[in-house]
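Here the protein sequences come in this chain order: A and B. Numbered per my numbering, the first sequence finishes at 209, counting up by one with no gaps. Numbered per my numbering, the second sequence finishes at 285, counting up by one with no gaps.
Do not take every clue at face value.
[Unchecked claim] The calculated SDA-like cross-link candidates involving lysine to any residue, where the alpha carbons are at most 25 Å apart (straight line), are:
1) Lys181(A) <-> Thr154(B)
2) Lys181(A) <-> Val171(A)
3) Lys118(A) <-> Ser151(B)
4) Lys154(A) <-> Ala153(B)
5) Lys133(A) <-> Arg135(B)
6) Lys118(A) <-> Glu156(B)
7) Lys133(A) <-> Glu79(B)
8) Lys168(A) <-> Gln148(A)
9) Lys168(A) <-> Glu138(B)
10) Lys190(A) <-> Glu79(B)
11) Lys112(A) <-> Glu223(B)
12) Lys165(A) <-> Lys109(B)
13) Lys133(A) <-> Phe160(B)
14) Lys181(A) <-> Lys109(B)
15) Lys133(A) <-> Glu156(B)
16) Lys112(A) <-> Asp97(B)
17) Lys109(B) <-> Lys159(A)
18) Lys154(A) <-> Glu138(B)
19) Lys38(A) <-> Val159(B)
20) Lys118(A) <-> Thr154(B)
21) Lys154(A) <-> Leu84(B)
22) Lys190(A) <-> Ile97(A)
23) Lys190(A) <-> Asp97(B)
24) Lys133(A) <-> Asp97(B)
25) Lys159(A) <-> Arg135(B)
26) Lys118(A) <-> Phe263(B)
27) Lys181(A) <-> Glu79(B)
28) Lys109(B) <-> Glu79(B)
29) Lys190(A) <-> Met207(B)
30) Lys112(A) <-> Ala158(B)
31) Lys154(A) <-> Ile165(B)
32) Lys38(A) <-> Leu75(A)
33) Lys181(A) <-> Val155(B)
34) Lys190(A) <-> Arg135(B)
35) Lys133(A) <-> Glu169(A)
36) Lys118(A) <-> Glu79(B)
37) Lys181(A) <-> Arg135(B)
Derived by calculation from the structure, the hints in this document are not laboratory data.
Here are the chains, one letter per residue:
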Amino acid sequence: MSKAAKATNVEAQSEVELQSSPGDEIEGHREIGDAELKAIAEAMIFVADEPVSARTIADVIKVDREIIDKVLADLVTEYDSRNSGLQLREIAAGWQIATRPEHHEQIRAYLKSRPSAKLSLASLETLAVIAYKQPVTVPEILEIRGVQSPSAIKTLLDKRLIIAKGRKETVGRPMMYGTSKEFLIQFGLKDLTELPSIEDFQDLAGGGE
Amino acid sequence: MEDNSQTETATPALGEAPTEASQTIRVANSRPEITPDGDTDQLKITLGDFEGPLDLLLYLIRQEQVNIYDIPIARITDEYLRYLNLMQELDLTVAGDFLVMAAQLIEVKSRMLLPRDPLAEEEEMLDPRAELVNRLLEHEKFKAAAEMLWSRATVERAVFTRAEIETDKNNPEVVVGLFDLLRVFQEILARHKEEILLEIEREEISMAEMIDRLRNMVRSAGEVNLMTFFGRAKSRRELVVAFLSVLELVRMSEISLVQSETFGAIMARTASPVEASEMSAESTQ
């Protein structure tokens, strides 16, 4: 059924292509049909080592960014509608093709990989404070966590989840920290605005009784 | 995974059913446990991953099932201090942060006991516990945020991207002919030679040995051309040692240096004490 749906889809696209191709040239480039654009964008995302931005794809193919945005949105629906084992997703301000979490057991069995080491609670809490309060200094983190976190900071730096963001112009000029692109990737975030608001946790925290 | 399952199994052991709220503060193995051991007074303590005074305080508040906005400060302070004692008895290093919090609790407790000054400014009319409550709530918010991050990371670890594609960067292809191979082989041979030379250098003779050598040569031949002596040095370093040993023997008046003509060969001879004094006399003139 999905095959048939796909076939009609392709037909429809090629029709559109046929209709729009005559004389419709942009800046002297051969116009690339939507179906081909989609294929090229998909291939580029496939070969990219890290999430590739729509801007980059648009620049390479030399079409408008808006067109790429639309093509990518189509691709996402396509992947989803045919229950693909892959997903096209937006992460760390770019696009990426990845497996779906549902199949992790089989994928892991094939890769013979074990779940990687988790962060300790101390590191996670420190990371949470940094993510929401960035740029933030060590004394400010101490104020919220109520406990020193030097080893947590070191772990997070080692794992490249946080990066130094200059010094704060205050007594002692302490180093300020913020989250990195790696943080977005490891926590599956498009950007920092995708983090739930810290105030949303208020209800959880306050609703004690 | 282990952390999680431990927590899951530990929860029912708590006896008193944990409220919803207590579940919200649970991040991995964050909850310490105190369980009374039968009818004895002994307590079984499982220290979780909790580490700060705020964590301990939150835990006690949940344990006592009291309203965080209306903390019975005397009770909680007592509990807190009891816990600190336990930690000390167990030889756990009680960090300074815990003691600071104890002091703060006692201060709040004492302020609660004092009647409020009716003439005080509005600011001072605030509940003495307010600041502490705010800190606790703030702390708990970030614990919840940490939990959110934890679950996100767990999902993310179940997502895989493709393995690295071979590119020139990570696997430069080898495009070489027979002659390239020969050249490389020669380079390797050359490098090998250098290594051998280095080994010889390491066996260089010491200053004392060099002095002995010169002394023996002068003694056996009566007279030694310094060019011959230096010529035996196999390396620059050995040459320097040889030169220094000549200087040393001259200084100790064991040998004297004689040059029969300008730019002629310099000969080393056994120095008689007389000669030595003559020489020094000459040099002063």
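| request: Take a quick look at whether Lys118(A) and Glu79(B) sit within 25 Å of each other, Cα to Cα. | output: violated, 32 Å
| message | Checking one constraint from the list: CA of Lys165(A) to CA of Lys109(B), max 25 Å. Satisfied? | response | violated, 41 Å
| field | Restraint status (C-alpha distance of Lys112(A) to Asp97(B) at most 25 Å) | value | Between Lys112(A) and Asp97(B) the Cα gap is close to 44 Å, so the pair fails against 25 Å, i.e. violated.
| query | Holds or violated: are the alpha carbons of Lys168(A) and Gln148(A) at most 25 Å from each other? | reply | Status holds; Cα separation ~19 Å.
| query | Are the Cα positions of Lys181(A) and Glu79(B) separated by 25 Å at most? | reply | violated, 43 Å
| task | With a cut-off of 25 Å on the C-alpha distance, tell me whether Lys181(A) and Arg135(B) pass. | result | violated, 30 Å
| request: Take a quick look at whether Lys181(A) and Lys109(B) sit within 25 Å of each other, Cα to Cα. | output: violated, 46 Å
| Given hint Thr154(B) paired with Lys181(A) - CA-CA distance at most 25 Å | With a Cα-Cα distance of about 18 Å, the restraint between Lys181(A) and Thr154(B) holds, given a limit of 25 Å.
| query | Does Lys118(A) pair with Phe263(B) here, judged by a C-alpha cut-off of 25 Å? | reply | violated, 79 Å
| query | Has the given pair, Lys190(A) with Met207(B), been kept, meaning a C-alpha gap of at most 25 Å? | reply | Violated, at about 70 Å.
| message | Holds or violated: Lys38(A) and Val159(B), Cα atoms, limit 25 Å. | response | Given that 25 Å is the threshold and the Cα spacing comes to 23 Å, the pair holds.
| Is Lys190(A) within 25 Å of Glu79(B), Cα to Cα? | Roughly 44 Å between the alpha carbons, so the hint for Lys190(A) and Glu79(B) is violated.
Going through the hint list in order, the structure does not satisfy hints 2, 7, 10, 11, 12, 13, 14, 16, 17, 21, 23, 25, 26, 27, 29, 31, 34, 36 and 37.
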